Structure formats: C-alpha cells, structure tokens
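Engineer: One-letter residues, chain by chain:
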Amino acid sequence: MHLGLQARITAVFAFGALALSLLITSITYFTTSSSIVAQDEHSFELQAIANATSLGTSVYASDPSIVAANVLGLSGEFRSTTSYSLIYVTALDRWYSTFPLQFNKNDLPVSLRAMTLTGRAVEQTFTHDGTPEFGVGIAIPLGAYYFGIFSLDAANRTLHALLASLLAAAAVTTLLGAVLGRWAAGRTLRPLRDVSKAASSIASGILDTRLETADAQDLAVLTSSFNRMADRLQQRIERDARFTSDVSHELRSPLTTLANALSVIESRREELPERARRALDLLGTEVHRFQHMVRDLLEISRFDARSADFAPTPVEIGDLIRHAVNPAGHAPVTVIVKPEDEHVELVVDKRRIERIFGNLLENADHYAGGVAQVVVETRDRFVRVCVDDHGPGIPAADRDRIFERFARGTGTAGSRGAGGGTGLGLALVEEHVQLHGGRVSVTDAPTGGARFVVELPISPPDEPDDTAENGNSSGGGPGAGR
Amino acid sequence: MASRILVVEDDERIRVSMSLALEDEGYDVVGAGSGEEALERFAQSLGFEPFDLVIIDIMLPGMDGFECCREVRRQSAVPIIMVTARTDTHDVVAGLEAGADDYVTKPFEPKELAARIRALLRRARSSEGGPSTLTFGDLEIMPEAGVVRLAGDEVHLTRTEFLLLCELAANHGKVLSREQLLERVWSYDYFGDGRLVDVHVRRLRMKVEPDPANPRYVLTVRGLGYKLAP
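So the protein sequences, as listed, match chains G and B. Those letters in the first sequence? Residues 1 to 482, per my numbering, in order. Those letters in the second sequence? Residues 483 to 712, per my numbering, in order.
By construction, these hints were calculated from the structure, which means they are not laboratory data. Quick caveat: nothing in here was measured; it's all calculated off a predicted structure. Just so it is clear, CB atoms sit at the ideal spot from N, CA and C, and this is done for glycine as well. Take the hints with a grain of salt, since some may be wrong.
[Claimed, not checked] Simulated coverage check for chain G against chain B, where a stretch passes if three residues somewhere in it have a Cβ under 8 Å from a Cβ of chain B:
#	stretch
1	96 to 108
2	175 to 189
3	247 to 253
4	263 to 277
5	347 to 354
[What the hints assert, rightly or not] So the derived list for chain B, only partly shown, Cβ under 7 Å to chain G, looks like this:
#	residue
6	ILE496
7	SER499
8	MET500
9	ASP570
10	LYS588
11	PRO592
12	TYR672
13	PHE673
14	LYS709
15	ALA711
16	PRO712
[Unchecked claim] With the Cβ distance kept under 7 Å, some of the chain B side facing chain G (calculated, not the full set):
#	residue
17	ASP493
18	ARG495
19	LEU502
20	ALA503
21	ASP506
22	THR571
23	PRO589
24	GLY676
25	GLY705
Work out the full structure, taking the sequences as your base and the hints as a guide.
Structural biologist: Structural data, given as structure tokens:
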C-alpha cells in the first residue's frame, strides 16, 4: 500500500518522537531504579548490622528462651515493614525466627546460608513467594549467625509506577509528534496543493487560473514557472480558438453568396439538361452541409472562446420537448411524458435546446434509422430526456468517444450516408447541455438501439460571469421586460 | 405591383446574389453598398416609390448597420430585417433596439430570409376585423385605421409595434406567452427568439406608457409572458 506524502511525514515524526521518548524513558528508568535499589540495600545492611549487634549479647547467655524472646522482640520492632529476622546459634544448634510460619530456615536460599555459615558477611537478592527479597547474612561472634530478610516489594512498586508514568509520557510524546508531523506536512504541502488545485482548474477549462506569488523564496520559483506555463497554454489555446472562429467568419460571406446563387439556379432546375441537374443536386447537398458545418464551427468556437451566451427563458418541459423533437418537415416522433411531469418548469436557452434535440434527431436519422421514441421523466432535481433510436446501439468502448469532435463510430454505425452530418453535432450537444449545468450520456435503449440521455437541472444553473450582463438585458428570464 | 426591397450590403457578390435570389421570389430589389448610399436611396424613394422592406447588414464600412437602421427608422415605419454575424445578445438586442423588426444570422439559407420577408410583408398588409376602437384608460387603439392615441395625441408606432399592441388588445386581460406573440406577430414557431418580443415590448412602452419604468398598460407576467391591463 502506498501512503500519501502527508501520512508518511506524519509517520516519520511520530516514529521519531516514539524512539526518542523510549530512549529517554529507559535511561531514566535504569538510573532511577539502580539508585533506589542501592539506597534500599544500604539501609537494609545498616538495619541488619544493628539487629545483629543487639542480638549478640543475648547469644552470650546461651539460654534458648532469652534468644527466642529477643528475636521476637525484633519482630515487634519491624512488624511495620515486611522483614524477617532469623538467627542460628551453633552452641544450641537451633534456629530462631521472628515469623517461622512466614519465613523459616528452609526459606533461606541455600547459597546465602552456606556462605554465611563459613563466617562471611553475605548479601543476596532472591524471590520468596513471588516477592523480591533482599537477604543479609552476618556472623555474630561466639558462634551465632544472623540473617535479615527485607522485602524489596515497596521499591519495586515505586519502580513500576515510575515505569508506567514514563511510558505514558512516551505515548503522549509520540502522539504530539504525530500531530506536529501532520501540521508540518500540511504546511509544507500546502503550496503543492495550491499547485494541484490550480492545475485541475486549468484542466477543467478555467484557463486564467494563476497561482499567487509565494513569499518564500524557494516556492517563488515554482509559482512563477507554473504561471508562465499557464500563460503560454492559455495563449496557445486562445490562438487556436480564434483561428477556428476567424476561419469560420471568413467562410460565411462566400457561403452566403454560394447559397443565394445556388437558389437562383435551383429555381431553374427544370431548364437544365439531365447531367447539369445531377451536378446541381450534388452542389446543393454539399453547400447545405457546408453551411451547417460553418454554423457548427462558429458555435463550437464560441464555446472554446468561452463567449457562448446564455439566454434563459422559463418553459414547460412537455411543450419544449415535443416542439424540439418535431421540427417542421420532419416525420413525427412519439414523445412519452407522464401527465404529472407535463408542466414542470425549466429555465433554459430555447435555441440551445432546439439544437440539442435537433442534432440528436439528425444523428439518429443519419446513423441509426431514425428515432424510435422520446421518453421524458423527472428525477429529483433533474429532467431526463431519453432519445431512443432504431440503430444497432453503440458499443460500450465508443460511448465516451462519440461526443468528441469529428468522432466516427467503428463498424457500420460509422458509415456516412448521403448528406451526412457535420461531425460536430454530438460534440455541440454535449457543450449545450453542459452550459445548462446538465449531462449527456449514451446507453442501451430498451428497444434495442442506442439511448441518448440528456439530463437538465430543474433549477437553473448560475449564469457564467461573462454573460451576466446579457442575462439582464435579454431573454424571458425573471426580471426581463421591466 | 411587386414589393420594393432595399438591400444594404457592402460585399458586392453577396448583394448581387441576394438580389438575384430575391428577384426570383418576385420582389423589386435595389442594392446599396454602404449606409450612406442606402440613406440616399431611401430618401429619394420616399416621395414616389417608397420601399416596402429594408435589409441591412450590421457589418458595414463607414456608417455601421445600427446607425443606418436608426436613421431609416427615424424617417419611416418600414419593416427592417438586419443581417447579423452572430446570435449573441449584444448584436441581436442592439439591432432590435436600433429599430429592426427581425433578424437573420449569416450564413443564412435564402429560403429562411424569404420566409422572414414574407412574414413581415404579409402582416404589413393585413390588419383586418375586430371592433373599430379599443379603449384602455387614456389609450385608444383603432386596429382598422392603424391609429393609436394616448390622451388624444396620436402615437407613431412601427408596424410590428402596432401589431403587437393590437394582439395584446384583442386578448386584453389575458396573458400571452412569448411563443404565442412570436407566432402571431412574427409568424415564428415555438423556437422563435423571445428577445424579439422583449425588445419590442420595451420600445412599445417607451411610446405608449406615461412612465415606461412603471408600465400601466403593457404588463409583464413573470415567467409567463405579457398582457394588456383591462
């Protein structure tokens, strides 16, 4: 799995904080624990020596009862702490313990007992009943041996508590490290995010998007080169768009002459010989198509130059679609609208709606044997208009491509009939629909052909800025005709 | 007698081919290569053989089409069709504001232009039937005589404005949608340009409303259309 840059920076910070705090924790723990243990052991030694000294005198008496009483006396003194005293008197060959039930000679570690009985002072740490004990063995003059057993439990508990709080502190530090990392990553990545936002805004067609000049020196290079790139891209695209528009404008005048001259000849068609008549018909078809192509090119170049203007008018959906798919001189097309949807109001640019369905109709006529039916339904905040044709349908692979300019379908659907389309029809459909804030897509019709689905929002889209002024002065939009 | 049409177009080839095509339709066509020439010919014709319709290309060298349109309109109520480069609100509305009755967009089909001309000329001839005088407050409309009076003074309307007012008057109190008005006044189908109606209503108000900003007679019904107050 690939983590994002921000996640990785956060992880590095958190890991660093964890490692550092664990190091500090262990150093603190080990120094503290050795000093506590050393302190405890020292005080236990002193205690053991004191106990041994006080017992020394009673051993002189060689009276078992006195020895026992003194050992018990020690027990009274030390009842508060968990400690035991044992004494072995050689002369009597007897052991005395403060609490024989809890701790007697058998509980002494063998090594401690053996070493002490050789006459040396011995210290040993061992475990008894699961608790750590510190044992001291001291030889008392005149053949007695003292064993002091002191519990290390208290010290251990202290150390455990210390360890727990150190680990807790380490956890908090790690968390703080992660938070810091996240923040730092966010800060360092913000310029990158700005760049990516600007890039996607340019990609979506807002060509005048630029980055703000950064304060930081190292980022200024990035922003200025990004902006330079955007400038050149915009110039390039606008030049291309202008070129298309200029060419189309230039073509209009000769086309107007051609069309008028042609109509003069056409009205004398019957006076012409057969061959000239056939040539005239070809000329007529092509001039007509040429005219449509120039009209479409002009239209699409206005979209490219972002100067398409939007003249919204409130209309009723049933009326609109029925008129749009039944242009004068076209065979009637069945439109299915639910009675409750009939009067749903849309705010649209009627001329563009006429072109959307005119082009879909033309497309169906040219490539798919005509329109089978048109189904209108309202969904949520959208109106869906489905235009079904009689053709073989459109393969899934071609469904996006078909809206590209001059796209040709593969297979038989792509072959062009006489007086075919301009190659821009569906591209324009998409542009017109998008200008309305809608979508167009193609799928399979229940009747077997292709189904073009046009979705238009019921509430009007926000008007683009560059046409706001037009919106006020034109069309039947709210506020017109004050 | 054939209707006389003045074609104002600077491109000679377009002018000649349009003249040929329009003559085929049975019109008597006079061409003018500039706005200045057009106004001269228009002024000459006024006395004895007035033009029945004027077609003006917006893009003219020297005096532009809007200016020419305004000047013709100042002198006469003759129907004017303008030829625009684009369907943009700017060109279309500016042309209509300058006094044009209708427009076509280049490159247009000759059939399309012929249909527009026929619609404007047909209307110009027929203003039939109905009561002789309709009165709304201070506003008097005499459809047959082609006269409108506001507080007793005659108001000069173009044919289009007059027909628009008559259509609203004949259905007074009822709302007429833009589509209905386009069909009845301009002979357009459902997809006619609603801006034609809006601009002409605005111009009509300038002439028949005492205060065009707060109309009393020609009222806007939001989202539906227009009506004449009963």
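Engineer: Sort out which numbered hints this structure fails and list those numbers smallest first.
Structural biologist: 1, 2, 14, 15, 16
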